[in-house]
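Just so you know, the protein sequences line up as chains B and X, in that order.
First residue of the first sequence: 1, per the working numbering; consecutive thereafter.
First residue of the second sequence: 1001, per the working numbering; consecutive thereafter.
In case anyone wonders, no lab produced these hints; they're calculated from the structure.
If a hint is listed, it holds; no wrong ones were tucked in.
DSSO-like cross-link-like pairs, simulated, lysine-lysine; straight-line CA separation at most 30 Å:
| id | chain 1 | residue 1 | chain 2 | residue 2 |
| --- | --- | --- | --- | --- |
| 1 | B | K380 | B | K343 |
| 2 | X | K1033 | B | K64 |
| 3 | B | K64 | X | K1068 |
| 4 | B | K75 | B | K64 |
| 5 | X | K1034 | B | K72 |
| 6 | B | K75 | X | K1034 |
| 7 | B | K33 | B | K343 |
| 8 | B | K72 | B | K380 |
| 9 | B | K90 | X | K1034 |
| 10 | B | K72 | B | K213 |
| 11 | B | K213 | B | K290 |
| 12 | B | K75 | B | K380 |
| 13 | B | K75 | X | K1033 |
| 14 | X | K1222 | X | K1328 |
| 15 | X | K1328 | X | K1220 |
| 16 | X | K1338 | X | K1328 |
| 17 | B | K373 | B | K33 |
| 18 | B | K290 | B | K343 |
| 19 | B | K420 | X | K1127 |
| 20 | B | K213 | B | K380 |
| 21 | B | K64 | B | K213 |
| 22 | B | K75 | B | K213 |
| 23 | X | K1460 | X | K1328 |
| 24 | B | K90 | B | K420 |
| 25 | X | K1338 | X | K1222 |
| 26 | B | K90 | B | K64 |
| 27 | X | K1068 | B | K90 |
| 28 | X | K1034 | B | K64 |
| 29 | B | K301 | B | K373 |
| 30 | B | K72 | X | K1033 |
| 31 | X | K1068 | X | K1034 |
| 32 | B | K380 | B | K301 |
| 33 | B | K290 | B | K373 |
| 34 | B | K90 | X | K1127 |
| 35 | X | K1033 | B | K90 |
| 36 | B | K33 | B | K72 |
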Amino acid sequence: MSIVTVQLGQCGNQVGQELFDIICNDAQEGQRKAYRESSTERFFRETTHGDLVARAVLVDMEPKVINSSMAKAAKCGRWQYGDRSHFSQKQGSGNNWANGFCVHGPRHTEVLEDLVRREAEHCDRLAGIMPVMSVAGGTGSGVGTYVTQRLRDIYPNSFILNHLTWPYGTGEVIVQNYNSVLTLAHLYQLSDAILVHENDVVQRICSQLLNIKHASFGDVNRVIGHQLGSVLQPALTGDCHGVYSRNPLGELVSGLVCHPEYKLLSVCTVPQMASTSIAYSTFSWPGPLKHLRQMLISNTKLEEGIDWQVRPSVRPGGTERTRSRTGPGFNTSLANLLILRGKDVYSAETGGFGDPALYTSWLSPEQGFNLWKCPVPFNKYEKSATLVSNSQALLEPLDNMVAKAWNMFASRAYIHQYTKFGISEEDFLDSFTSLEQVISSYKQLC
Amino acid sequence: MTQSVVVQVGQCGNQVGCRFWDLALREHAHVNKKGVYDEALSSFFRNVDSRRSSGGACDIGGRIHYLKARAVLVDMEEGVVNEILQGPLREVFDSTQLLTDVSGSGNNWAVGHMTYGSAYREQIVDKLRRAAEHCDCLQCFFLIHSMGGGTGSGLGTRVLSLLEEEFPEVCRIVTSVFPSPEDDVITSPYNSVLALRELTEHADCVLPVENQSLVDIVNKIKHMSHGGKPASAIKRDSAIISGQGGLGGAEKPFDAMNNIVANLLLNITSSARFQGSLNMDLNEIAMNLVPFPRLHYLVPSLTPLYTLADVNVPTRRLDQMFSDAFNKDHQLIRADPKHSLYLACALMVRGNVQVSDLRRNIERLRPSLPFVSWNQEGWKTGLCSVPPVGHSHSLLALANNTCVKPTFMDLQERFTKLYRKKAYLHHYLHVEGMEHSVFSEAVTSLSSLIEEYNHLDATKRRLMPDAPRLRIAT
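Just chain B, same shape as in the assembly (with noise of 0.2 Å):
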């Protein structure tokens, strides 16, 4: 079964290419015939010369990054863009969500869900639509939204997974916060659940992990791909008997998202290293697993600076827990898909994610653990483990970005830029609405 994806604005361009770079080398690099041909069916199609092309579309309101994105596919040789599967105009959204929305979203609507039914058309079988776009900016949030409203309209019963790319927290446009929350409140309706990376941790990882002194967009785009990577390519899941799992999408919304009100998922690989390291470093899965465990718990999104002061309590004899009685800092998950890739994933001891104090009271952990294995290695790593998991983990950034837009509201800084495209101050509340009670259920899990 095939994922289609949609690559929106110029975030959503620029990370679509890294990912479909890495996969691709990943599934072509002398790994078994069964991964590689699960995988290149999921991602390309193949046309009459035998060239993969990539089951994406891509759009933008300016020309600039789709040229300069399917340049560098084509360059690479081993895999390119469709030569009609793009859309740009001239002129951008100008950071301005209500113009992407309003106006450039109804305006050439006709032209996008073309695009996305003659690629959903080459597909035997569709998994389900992947929209990748970044919150902060006009095009990729805006009409990114609008087409996750028609596709969900026009595709019911596929499945959509919405990739969202969040802005750093010093700010780099001045209305980020503004895009973030209308995109976030429109998208939890439509989406089946949604996908975030932090650009803030992405950078992180660069410098500290990966040893970049002066990290550019390419290096986070290409760990942001290397993440995204490791939770997309063929697995063995629980349902699968021995072949690769047909229904990537469903299995993983349906393993973690079991609440419409709980759709935030967040993404964690270990381990990250220097790609230089890599050849020298060999490791047994215990140390890693161990890591990833305490990294869930703690909330810490890197394999560094982990506290490992924070434990789940101990649960009394009833099946009641109140919010005081988990430590400070402690990270309560709804449910946890662990993807473990590469050498003796049959013998890796992964009982300590069934813990049921990790998890919250309402939910057995035979319902919110969920494992999935792949004997190939991923990405040049020996061994790596994925944790992809629906808890508080972004409940914080959201929160902040949920506060810096309400305070800027209360003063209606910016307001005249958005009701001149469409979107009014009844939408902005009801907006923050939503996000507000998705906080709110956050907060509450225990």
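Starting from the known structure of chain B, fit chain X onto it as the hints suggest.
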């Protein structure tokens, strides 16, 4: 890529505009070595081959034949425009882009705005429309004028409102030269206040520039270059006031000052024309820097002012450039942004600077700059990889800051001094369409603008509490 059209009105507007086109050609000549008409050139110039039958317009990618500026030149007396047409830039303009009259506006806003405004309305709209039609995707109109005279101030603001009427979706960025207190035009306060009202109502962004600051900057550079020490000699053609390397012949009196303003316009559009790792388009400037529709006065500052010629002297450190941008000596109006309140700030960096340098400097300077409570991280940044001629890197800072208030209050005071005595009023009231109410409305508009800035300033010292969040019933 998008195109922009420059509309220059009045003597000051045309003289500054002339310097702008000269420096623009110089900049593109520096970058475009192959003589190919590319996207960057097309944002300000058309490529015309008169041998072609279709009227001559050439597409991107071909060789350069004749470059024609995307401009409209308006003046109510012929002297300045004639001089341009006889000078080295005559090839860049064709007669359909010009609008002139003979007698001038007599330093009278009303004559410029009402008399000439009505008389030439059709022709102006026609020329603007023609310039717009030559553009594939028109993004922005740049209006250059002065506030103190009659044509630039009166007719210029009339053109502004016509632009809003005819092209409501195209951004309007206005560069206004404010008069200094020692200005020799006695009625400049009247003209400026009347024009200011139009700017507040009809412009998307205004870049105010004061003659006095330009004079100070020019003096600073001249002082530096005549300093005497050989090590401090300034590298040729790197000073922000220099027009060397351009087409213009010998330097004329206001040229040094006008070059600064021309450089301002070049830097603001650099990201729209050239490649960069973090592009900042013109509509993003208007979006991010204007939190409330009337408060759209952006104080510009340009650094570095010059590069030293001696290669043995280490190039001025990057960090020094960032610090200077917030220094009151580098602002183009007489104001001190560091002691007033920032509503938002944009940093446009050109040249060989990395994201990490930019972020580091923002972190470093942030504590000393007072930002309004709801916009503590109010920075908009852009990186363009092509530096300006003669420099390895440069920085343009645009600050939406309450430090414009003293300039406005000063203007209000000078206006009131004259208006109280009804001095010179009869010149204005004689013009058809002009009444006392026009004056009083203009003053009211200015007072309320000052009041809005006052209101924001009042929050500066106080630590504003966060607005209470919505509470969800559980």
